[in-house]
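Turn these sequences into a full structure, and let the hints guide you.
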Amino acid sequence: RTPLNGIVGFTELLKSTDLNEEQLEFTAIIEKSSENLLSIINNILDLSKIESNKIELENIVFDPIIEFENAIETYAVKASEKDIDFNFFLDPSISKKLLGDSVKIKEVLINLLSNAIKFTDFGGFINIEITKTSIDNNHVKLLFSIQDNGIGMTKEQQLNVFAAFAQADVSITRKYGGTGLGLTISTKFLEIMGSELKLESQKEKGTKFYFTLELEEVSESTKIDQEHIDNDISLMRYQNRTPTQLDTYINRYLDYYSVKETTFSTAGELKKFNKDSSVHNIWLDIDNMDDELIHDIHRLDANKVTIITSFSNRNKLESLGIKTSKVLYKPITPTKILNSINTIEQIRNNKESVSTTKENISTPFNNIQFEGKILVAEDNFINQKLIKQILVKYGIEVELANNGLEAFEKIKDNRYDLVLMDIQMPVMDGIEATHEIVNYENEESLTHTPIIALTANALKGDRERFIEDGLDEYIAKPIQNNELLFILKKFLTQAQAPIIEREEEPSTINAKNASINMINSNKTEGITLLMEEDDSEQEPKQILIAKKNPLEAQILSKVLSNLNYPIEIIDDIQSLKSKIMDKKYDILLIDRELAKSNKEIIANQHKNMNVILLSLSKTASNFNKSIIKEELVGRIQINDLKRVIDKYRSN
-7 RTPLNGIVGF
3 TELLKSTDLN
13 EEQLEFTAII
23 EKSSENLLSI
33 INNILDLSKI
43 ESNKIELENI
53 VFDPIIEFEN
63 AIETYAVKAS
73 EKDIDFNFFL
83 DPSISKKLLG
93 DSVKIKEVLI
103 NLLSNAIKFT
113 DFGGFINIEI
123 TKTSIDNNHV
133 KLLFSIQDNG
143 IGMTKEQQLN
153 VFAAFAQADV
163 SITRKYGGTG
173 LGLTISTKFL
183 EIMGSELKLE
193 SQKEKGTKFY
203 FTLELEEVSE
213 STKIDQEHID
223 NDISLMRYQN
233 RTPTQLDTYI
243 NRYLDYYSVK
253 ETTFSTAGEL
263 KKFNKDSSVH
273 NIWLDIDNMD
283 DELIHDIHRL
293 DANKVTIITS
303 FSNRNKLESL
313 GIKTSKVLYK
323 PITPTKILNS
333 INTIEQIRNN
343 KESVSTTKEN
353 ISTPFNNIQF
363 EGKILVAEDN
373 FINQKLIKQI
383 LVKYGIEVEL
393 ANNGLEAFEK
403 IKDNRYDLVL
413 MDIQMPVMDG
423 IEATHEIVNY
433 ENEESLTHTP
443 IIALTANALK
453 GDRERFIEDG
463 LDEYIAKPIQ
473 NNELLFILKK
483 FLTQAQAPII
493 EREEEPSTIN
503 AKNASINMIN
513 SNKTEGITLL
523 MEEDDSEQEP
533 KQILIAKKNP
543 LEAQILSKVL
553 SNLNYPIEII
563 DDIQSLKSKI
573 MDKKYDILLI
583 DRELAKSNKE
593 IIANQHKNMN
603 VILLSLSKTA
613 SNFNKSIIKE
623 ELVGRIQIND
633 LKRVIDKYRS
643 N
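-7 is the number of the first residue of the sequence shown in the numbering used here; add one for each residue after it.
Because the hints were derived from the structure by calculation, they are not lab data. Since we're looking at a predicted model, the values are computed, not measured. Treat the hints with care, since some could be wrong.
As the list claims (entries may be wrong) - List of simulated lysine to aspartate or glutamate pairs, EDC-like, C-alpha gap at most 20 Å:
{"#": "1", "residue 1": "Lys576", "residue 2": "Asp638"}
{"#": "2", "residue 1": "Lys385", "residue 2": "Glu13"}
{"#": "3", "residue 1": "Lys98", "residue 2": "Asp128"}
{"#": "4", "residue 1": "Lys380", "residue 2": "Glu4"}
{"#": "5", "residue 1": "Lys539", "residue 2": "Glu456"}
{"#": "6", "residue 1": "Lys133", "residue 2": "Glu206"}
{"#": "7", "residue 1": "Lys124", "residue 2": "Asp55"}
{"#": "8", "residue 1": "Lys133", "residue 2": "Glu196"}
{"#": "9", "residue 1": "Lys540", "residue 2": "Glu592"}
{"#": "10", "residue 1": "Lys267", "residue 2": "Asp279"}
{"#": "11", "residue 1": "Lys328", "residue 2": "Glu14"}
{"#": "12", "residue 1": "Lys133", "residue 2": "Glu148"}
{"#": "13", "residue 1": "Lys147", "residue 2": "Glu196"}
{"#": "14", "residue 1": "Lys88", "residue 2": "Asp55"}
To be verified - Taking CB as the label site, the calculated pair distances span:
{"#": "15", "residue 1": "Lys252", "residue 2": "Ile360", "range": "39 to 45 Å"}
{"#": "16", "residue 1": "Asn616", "residue 2": "Lys639", "range": "24 to 30 Å"}
{"#": "17", "residue 1": "Lys377", "residue 2": "Ile619", "range": "37 to 43 Å"}
{"#": "18", "residue 1": "Val419", "residue 2": "Asp113", "range": "46 to 52 Å"}
From the three backbone atoms N, C-alpha and C, an ideal C-beta is built for every residue, glycine too.
Written as structure tokens, this is what we have:
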């Protein structure tokens, strides 16, 4: 668990730095991978429970789109490293809310995916499908299948493959590694859920694992955003003369969403569609395109082109001068399809493009601030983090509730200026929670707290229905910044925005990056760092970083740089001898192990030096506070870093 803790902690720090859209996507995958690894570690440690039949099912409401996409996306990079054609189809007709044990279903998928990638050679393929086969009395039957063209198995090998700590052949363990636990755990989990893991395999031809699960559909659930699609979009898509599995899956997605597409395969057609004003977007899978077409991409209208490719082709994109914000990375999922279609709709309706919105959306955070405390009731963790991040940038204090009942209990114990209430939540939905809150306010003669509905079903007449149910306004998902700003201005008091002293930026940094860096430097506390006139000509103090792991040192230095702290990394521990006595440095962030083995060097620090230990776990013995000022334990949080630095610099 110790190395995993480092990965998770520094990923959290990395997310708070100045990242572009592509880097944020990669960071999110690292985070999800870490979470999945922790889940697997826990299950391996609990193997005795499985053997003792003590594993219990969790019957919770979950969103199959979010849960299944996350599981599949985790292995996208690993598949691209082996140049595997990694394809995924998630039936869009599956309801958005199902009842079941999503954690164990994802574990089964992860185990099967891990095996498929491990045993598939470079340049092979893996096809994952999750389809609805039947529905009866609000119960849906889903078929999960993972097929590869890897090494395959003989009939004899298939007999041993489900046994614990066993693999199809002893030589496989030597060549591919692994514990041999994945299929055992998956089989047991599926048995508990009333299913059975089956396989079809041929030696040297590949393997297909599949199983079915019957899950309950939650009432009032909707299908995957079909009603939001504009059927008048004109979409052109490159398709090789021999359609790929991806072509088939994309065609099935677009058919479901009733988006009309025209396929083409020649450079002449591409040039014609680029000039045709009636064509709204052109999708190009550059992994399967002819070189002649690829070399014409830079001549195309950037607003009309969407690139489809794998992670391993990022360098190829740069060489072609393609903006990564216009890229769909494989595997293609329903969410990526919908986001791309929404982008097309924005451009078609002469709205701001995604890239323009991204550049402009940062500006209001510096110019507009609000006073108030908001309760966000939202059951989806990712949505929670997104909404909180936006509100905090507006200077708002935010508390979270995971369902309607939790929101109601928080309302009884606290006072809020505004409540953002998701309509569809487990335990108690948003409408029922609103009724409880309004009744409580009436019984206690309390001033009404405005409640704003958050809904993915923004249909005609919804606003009137929500107001009749006691809500005060609503915001449609996905949340648009201008709509949120309208709500905040309507219900909260606008605060005086901080005055930001702008220094002349170096010529190597453009205005956009300067703006982003300024936002990131203030986003933890919302504080503007102002230098006193007396110190204006003094060289600022620097922070020393001494870590065993060079990558961790680089990540930490980037975080501190984004907070506008000058830093220097100690590459050679011997150089610490002179630098710890140099008064231009006032803080040393050092790994506990390095500090322990270099006590004499640290003891020679100048009198204004502040040494901070970085530890994965709490030290067993007390440190000498005349030498070591403080210790940061576990995951390094930005708030803790800033608190410690500001604390000792104010002394």
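Let me make sure I understand: some of the numbered hints might not hold for this structure. Which ones are they, in numerical order?
3, 5, 8, 10, 12, 16
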